[in-house]
Amino acid sequence: MEEVALLSSGGKDSSLAAFILKKLGYEVKLVNVNFGILDSWKVVKEVAEKLNCKFSVLRLKRKIFDEACDIILEDGYPNNGIKFIHLRALEELARRNDKIGDGTRRDDKVPMLSLGEMRSIEDRFNVEYIAPLRGFGYKTVRDLSTRIFIIEEGEDITKGDYEAELREELPLTLFPKHKQSRVVGVKEHV
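For the sequence shown, the tail end lands on 271 under our numbering, and the numbers increase by one without skipping.
It is possible that part of the hints are untrue.
[Claimed, not checked] Listed below are the simulated EDC-like cross-link pairs for lysine to aspartate or glutamate, each with C-alpha atoms no more than 16 Å apart in a straight line:
(1) 220 - 189
(2) 110 - 84
(3) 142 - 173
Since the hints were derived computationally from the structure, they do not count as laboratory data. Just so it is clear, the structure is predicted and the values come from calculations on it, not from any experiment.
All chains should be built: construct the whole structure from the sequences, respecting the hints.
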């Protein structure tokens, strides 16, 4: 079985991407990006166990985190800094794996790579970049996720995304309020 290294935050999007890839016959390894600031990777490890996926932590260099913080402070908004981390994470994942992926949706604002950026990663690293949710919008992903998973939601949910560690280091006023989600189980009928 071919393995896909899938960036994961433990939320409904990356969990749904993992679920779909498993149904398509791939072995899925959930990979959490972490800079060592928080133990947020533990959330993704729990999700990996619930989804019967492999798990690993991708520890990126602090320099990448610091550059992302500088971008966010300069912009006064987190989008470009988060995309910067996402791109570096995908590049590092591509150095280590033949098939990589993420759970970005069609209508995600951040992190979102263009098709050209996705092709560039495939060409530069000779990998397959799989983004199974790129054709789905928020409403569809939410509908499918609530059919398949038990989800916890709220503004203060601990999650394994890039933003968790950034929020730890930067003023919270730079980040817009929004609901976070994380998968806490798989429904029995699935």
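Structure-based check of all given hints:
1. 220 - 189: Holds, at about 12 Å.
2. 110 - 84: With a Cα-Cα distance of about 7 Å, the restraint between residue 110 and residue 84 holds, given a limit of 16 Å.
3. 142 - 173: holds, 11 Å
In terms of the numbered hints stated before, the structure departs from none.
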